[in-house]
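Q: Chains as they are written, first to last, in this note's numbering: chain A, 1 to 402; chain B, 1 to 339; chain C, 1 to 353.
Simulated from the structure, these hints should not be mistaken for lab results. Accuracy of the hints is not assured; some may be wrong.
[Stated by the list, open to error] In the SDA-like style, the derived pairs of lysine to any residue whose C-alpha atoms are separated by at most 20 Å in a straight line are:
#, chain 1, residue 1, chain 2, residue 2
1, B, Lys314, C, Asp308
2, B, Lys208, C, Phe323
3, B, Lys143, A, Ser84
4, B, Lys30, C, Gly209
5, B, Lys208, C, Asp308
6, B, Lys222, B, Lys285
7, A, Lys340, C, Val186
8, B, Lys273, B, Glu252
9, B, Lys54, C, Ala138
10, C, Lys285, C, Ser340
11, A, Lys340, C, Cys181
12, A, Lys340, A, Val102
13, C, Lys106, C, Leu124
14, B, Lys30, C, Pro136
15, B, Lys285, B, Ala24
16, B, Lys222, B, Lys132
17, C, Lys106, C, Leu95
18, A, Lys340, C, Ala137
19, B, Lys208, C, Val135
20, B, Lys54, C, Ala137
21, B, Lys208, C, Val44
22, B, Lys208, A, Val102
23, B, Lys54, C, Val186
24, B, Lys208, C, Glu310
[What the hints assert, rightly or not] Computed list of chain A residues with no C-beta within reach of chain C, every gap over 12 Å:
#, residue
25, Ala130
26, Glu138
27, Pro144
28, Val217
29, Ala264
30, Glu287
31, Ala303
Since the model is a prediction, treat every value here as computed from it, not as a measurement. Built from N, CA and C at the ideal position, the CB exists for glycine as well.
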Amino acid sequence: MTDAVVQVPAAGLKRPPPRRLAFARMGPRALLVQGSLLLALAALFGFIASNVVANIARLNVHTGFGFLARPAGFDIAQHLIEYSERSSYLVAFVAATLNTVVLAAICAALATALGFVIGLARLSTNRLVAAVAAAYVELVRNIPLLLQLFYWYFAVLGTLPLPRQSLEFLGVAYLNKRGLYVAAPVAEPGLAPFTVAVAAGIAGWIMLGHFARRHRVDTGEAWSPRWIGPALAFGLPVFAWSWAGAPVSWDIPTLSGFNFRGGAAIIPEFVAMIVGLTIYGAAFIAELVRAGVLSVDKGQSEAGLALGLRRWRVYLQIVVPQALRAIVPPLAGQYIHLLKNSSLGAAIAYPDLMLIFAGTALNQTGQPLEIMGITMATYLMLCLGIAVAANAFNRRVQLVER
Amino acid sequence: MVVRNIVFFGAMAAAAVWSAAEAATLDDVKARNVVRCGTAPNNPGFAFPDNQGKFRGFDIDFCHALAAAVFGDASKIETRVAEPRDAFTMLTAGTVDVLTHRFTWTYNRDNGSGVEFPMAIFYDGQGFMVRKSLGVKSVNELKGAAICVAQGTTTELNVADYFNAHAMQYKIVAFNGTDATRLAYDEGRCDAWSNDRGSLASRSVALKTPGDHVILPETISKEPIGPVVRQGDDQWSHIVRWTYYATIAAEELGVTSANVDELRKGSTNPEVKRLLGVGDNLGQKLGLSADWAYNVIKAIGNYGEIFDRNIGDKSPLRLGLGLNALWRDGGLMIAPPIR
Amino acid sequence: MAGMRDFLRSCVSTPLNALLSIVVLVWLATTLPELFRWALLDAVWSGSSGRDCAARDAACWLFIRMRANQILYGRYPPVEHWRVNIAALIGVVGLVVLLLPGIRRKTAIAAGLLFAYPPVAGILLRGGVLGLPAVPAAQWGGLMLTVTVAAWTIGTSIPLGLLLAFGRRSALRVVAAVSACYIDIVRGLPLVGILFLAIVMFPLFMPPGIEINELVRALVAFTLFNATNFAEVFRGGLQSVPWQQSEAGIALGLRRWQIAVRIVIPQAITASLPGIVNVCVSVVKETTIILIVGLFDFLGVLQGGIVDPEWLIGDQVRATAYFFAGAVFFVICFSLSRYSARIERAMSAGRRS
Chain A
1 MTDAVVQVPA
11 AGLKRPPPRR
21 LAFARMGPRA
31 LLVQGSLLLA
41 LAALFGFIAS
51 NVVANIARLN
61 VHTGFGFLAR
71 PAGFDIAQHL
81 IEYSERSSYL
91 VAFVAATLNT
101 VVLAAICAAL
111 ATALGFVIGL
121 ARLSTNRLVA
131 AVAAAYVELV
141 RNIPLLLQLF
151 YWYFAVLGTL
161 PLPRQSLEFL
171 GVAYLNKRGL
181 YVAAPVAEPG
191 LAPFTVAVAA
201 GIAGWIMLGH
211 FARRHRVDTG
221 EAWSPRWIGP
231 ALAFGLPVFA
241 WSWAGAPVSW
251 DIPTLSGFNF
261 RGGAAIIPEF
271 VAMIVGLTIY
281 GAAFIAELVR
291 AGVLSVDKGQ
301 SEAGLALGLR
311 RWRVYLQIVV
321 PQALRAIVPP
331 LAGQYIHLLK
341 NSSLGAAIAY
351 PDLMLIFAGT
361 ALNQTGQPLE
371 IMGITMATYL
381 MLCLGIAVAA
391 NAFNRRVQLV
401 ER
Chain B
1 MVVRNIVFFG
11 AMAAAAVWSA
21 AEAATLDDVK
31 ARNVVRCGTA
41 PNNPGFAFPD
51 NQGKFRGFDI
61 DFCHALAAAV
71 FGDASKIETR
81 VAEPRDAFTM
91 LTAGTVDVLT
101 HRFTWTYNRD
111 NGSGVEFPMA
121 IFYDGQGFMV
131 RKSLGVKSVN
141 ELKGAAICVA
151 QGTTTELNVA
161 DYFNAHAMQY
171 KIVAFNGTDA
181 TRLAYDEGRC
191 DAWSNDRGSL
201 ASRSVALKTP
211 GDHVILPETI
221 SKEPIGPVVR
231 QGDDQWSHIV
241 RWTYYATIAA
251 EELGVTSANV
261 DELRKGSTNP
271 EVKRLLGVGD
281 NLGQKLGLSA
291 DWAYNVIKAI
301 GNYGEIFDRN
311 IGDKSPLRLG
321 LGLNALWRDG
331 GLMIAPPIR
Chain C
1 MAGMRDFLRS
11 CVSTPLNALL
21 SIVVLVWLAT
31 TLPELFRWAL
41 LDAVWSGSSG
51 RDCAARDAAC
61 WLFIRMRANQ
71 ILYGRYPPVE
81 HWRVNIAALI
91 GVVGLVVLLL
101 PGIRRKTAIA
111 AGLLFAYPPV
121 AGILLRGGVL
131 GLPAVPAAQW
141 GGLMLTVTVA
151 AWTIGTSIPL
161 GLLLAFGRRS
171 ALRVVAAVSA
181 CYIDIVRGLP
191 LVGILFLAIV
201 MFPLFMPPGI
211 EINELVRALV
221 AFTLFNATNF
231 AEVFRGGLQS
241 VPWQQSEAGI
251 ALGLRRWQIA
261 VRIVIPQAIT
271 ASLPGIVNVC
281 VSVVKETTII
291 LIVGLFDFLG
301 VLQGGIVDPE
311 WLIGDQVRAT
321 AYFFAGAVFF
331 VICFSLSRYS
341 ARIERAMSAG
351 RRS
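Go ahead and model the full structure; you've got the sequences and the hints to work with.
A: Structural data, given as structure tokens:
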């Protein structure tokens, strides 16, 4: 069953097994084959490189990376670092890359969670729920992501009200077509003492717990005053608050002019991308989860039930940990797909690497070689990063097995 | 597979005369027997597929004009849809011969990107469309507004410049494609939609209720729009320039696709005669036939006809001529003397 | 009947299940009727122009009907449509026969589809020989282009993927390293970027004067990209073939290529069939990127159609076009994944017995 896992396993996750059969002795023929392969590759790259150089000279095109220091001149709708029209192309590149990374990271987390829920729902004893989960997976997997993004962005988010009729949540959050506006914390002078107090309180609680456990192991007696830990953890911050003043004040969005001012704004393109990518990715992950869970021997959960564990504990503590071994390797492949799929965000104005750098910046500078080179290399680095991280994680999960 | 490719390309490379100057575009076009034009994707009135899937529009007609000038046969064109992002690279790399696109002629595009603008064929300016219900009467009241623009154009930069110069806050939402921009504005994603005024007008017919929207009076930029060719091929650049001018000259001289045959036979106006290649062979200097301009007018008409048919009164878009009227009617359209 | 009762009982077997069932039912009750009204009840089916759909908040199937030829064939000349139909018919019959259970000589049919069919279909579609008028690729489009691109991509990237998967496991260090590098690098790049290189920037990589048709370039790019996905699927499949199988082949005195072709590949392909079908599904979905070559595939034709001034009558045309596009993709991809699920079941049943 595990071979039937839906997606391609991530690159380089498993070393090929040592070859049992020495088909090819390293004779002259092997040397010849490999030498000519290398030569051919070198020739191909040399050919392309010389052509590029010749063509650039012939076509009178500007080259070089000097443009990175020039002011970009355009705005970016969402930037996590300081950015304005006067910032350089380099800063624009960093801002756009961050947008891509943040989007992919959030979606990976959400899609994994949703994928687990849907995957388990497909195996639910409630056959209506199982059928709906199956319908979800089939519907979402078999329609191009681009169409789904259009749907979420235009058909669903488009029906939200205009700013003046925003949906209000308790006076601290507003939702409208322009995005989600939430109250944002603003640091006050009391923040530093408060943070220290929280850290000290928690550290104290943990140390007390540690001490208590050691005491119990050493003496066999439970250490009685249990309230000291929580008192530390909550009392210290409260004291710091009353002594140094409130750690943060809230910047509450208010309607002024065209839209809300203040607070933190989340643009709808970001929301649509998160919803679209999460739902799409979750369908694939759900299939991985289902296959993974099915690959766990039924006797395992029966044994758990026989021990009197409740069904959810059997799932969480017996089945899922074992299923993870089958799920994790292809999961990394899904994350890579997700990252690459995020480049479709350009279609609905999400300011990611593809839209801002390989789009606007490419058009303004007219330097496709440099810009596409940087863009491709960035995607490659991010994907390889995921593969490496997954490898490391996988090794840990697999070790637990033994 | 790879090895075969390498051998193949290697052989090709060896065969190609390395240092030979690039072949002139006109020779390429003649050898290929077709003009390749890069056009804007799906732009109502300018370049769009009709019910039969045939590309039509203002920009496409000028591609036909080039084919008529070069071959005497307006049908010998190949249009190639080019997203703004890809268009200049496609031109410099040789995928198309000319961009009959919606590109604004700017200093940076004309210099150092390997391309040049032979002339301007359509004058426009960037404007803003807003909902009437907002009660906004001027761009200066758009402080803090969210503005939808199409990405990869000069629009984004103009908005940034204008709002910064007037110390106004704004939020930009840049879309990949004008169609998506319109849709987002219509859905209320933005307070204003900024684009060339012509595009705003032509695309506003696609809004749910076009009557609820108004274009603000300010024009924040000048947008001379024209064809784009590769830099360094003067002959081809001149062919494009004068083919375009021929349509303007024809309008000035009252030559239309309907009367061009008659005028060729009977006109006594020396400029009309020169334009239509009667008793003189001006086409030869461009490497074209004597009747090149006649072929152009016969096939697609003069500038006014092209405008009316595609985007003006005879089209569903009903754009006004505005700056694109002839110079003697208060517009900017003027052809250098044909002599 | 009993099945129905079991089903209903499973829906209310525990309080949680009952609650979930109610939630699901309420959700279905709120969405399905509106969808039904929009897509069928109030939809516009007939008329003569865009005006017939105006001011009607429902699907405008008239738009699809009036553009049906374009949606199916793009700009392929109408008098030659029969060629597309015949090519499609041969392909579909071949595939159905191949996929039906209980038919013998599948290897021969598969070989026919893989080697004999492409030239036949190519001649039919492209023409220019045997008295068929030539139809240049620039006139291809619509669903026909979508299917052609998908079929080509799948047909070529499977063999290349196999080669890469073998290469990655090769005992020759350089071959293994080059294959692994190639697979990992290409899989780490977005397809949009690869196509940008292959289409827009390609002439920069070539000496002046060398032209390779853009559609060919795009197809090669598709192949090179998807071969890596297939390679990874096959890698899993190859790993699942026990090494004793090859050893047995050696013991029988078979040559290396015979072991590969007769023993290892068939087993590896069978083991990775579900994975193969999944990559096929993603190939079908990503063919829409072909728009970058300026060719209008199925989705491109629809997207182009909705900006025709004649059809600029409101949002229902756009909604209809995208709904229709989604439905067609769903039908194609869902059939494929149903097939994959069936194989999966058959295989796990086979293993159990």
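Q: Would you mind marking each hint as holding or not holding in the structure?
A: Comparing the hints with the structure gives:
{"no.": "1", "hint": "B/Lys314 x C/Asp308", "verdict": "15 Å, holds"}
{"no.": "2", "hint": "B/Lys208 x C/Phe323", "verdict": "19 Å, holds"}
{"no.": "3", "hint": "B/Lys143 x A/Ser84", "verdict": "17 Å, holds"}
{"no.": "4", "hint": "B/Lys30 x C/Gly209", "verdict": "14 Å, holds"}
{"no.": "5", "hint": "B/Lys208 x C/Asp308", "verdict": "15 Å, holds"}
{"no.": "6", "hint": "B/Lys222 x B/Lys285", "verdict": "33 Å, violated"}
{"no.": "7", "hint": "A/Lys340 x C/Val186", "verdict": "12 Å, holds"}
{"no.": "8", "hint": "B/Lys273 x B/Glu252", "verdict": "14 Å, holds"}
{"no.": "9", "hint": "B/Lys54 x C/Ala138", "verdict": "12 Å, holds"}
{"no.": "10", "hint": "C/Lys285 x C/Ser340", "verdict": "16 Å, holds"}
{"no.": "11", "hint": "A/Lys340 x C/Cys181", "verdict": "18 Å, holds"}
{"no.": "12", "hint": "A/Lys340 x A/Val102", "verdict": "13 Å, holds"}
{"no.": "13", "hint": "C/Lys106 x C/Leu124", "verdict": "25 Å, violated"}
{"no.": "14", "hint": "B/Lys30 x C/Pro136", "verdict": "19 Å, holds"}
{"no.": "15", "hint": "B/Lys285 x B/Ala24", "verdict": "15 Å, holds"}
{"no.": "16", "hint": "B/Lys222 x B/Lys132", "verdict": "25 Å, violated"}
{"no.": "17", "hint": "C/Lys106 x C/Leu95", "verdict": "10 Å, holds"}
{"no.": "18", "hint": "A/Lys340 x C/Ala137", "verdict": "29 Å, violated"}
{"no.": "19", "hint": "B/Lys208 x C/Val135", "verdict": "40 Å, violated"}
{"no.": "20", "hint": "B/Lys54 x C/Ala137", "verdict": "15 Å, holds"}
{"no.": "21", "hint": "B/Lys208 x C/Val44", "verdict": "18 Å, holds"}
{"no.": "22", "hint": "B/Lys208 x A/Val102", "verdict": "35 Å, violated"}
{"no.": "23", "hint": "B/Lys54 x C/Val186", "verdict": "36 Å, violated"}
{"no.": "24", "hint": "B/Lys208 x C/Glu310", "verdict": "14 Å, holds"}
{"no.": "25", "hint": "Ala130", "verdict": "8 Å, violated"}
{"no.": "26", "hint": "Glu138", "verdict": "6 Å, violated"}
{"no.": "27", "hint": "Pro144", "verdict": "4 Å, violated"}
{"no.": "28", "hint": "Val217", "verdict": "40 Å, holds"}
{"no.": "29", "hint": "Ala264", "verdict": "30 Å, holds"}
{"no.": "30", "hint": "Glu287", "verdict": "9 Å, violated"}
{"no.": "31", "hint": "Ala303", "verdict": "21 Å, holds"}
Comparing the model with each earlier hint shows violations of hints 6, 13, 16, 18, 19, 22, 23, 25, 26, 27 and 30; every other hint is respected.
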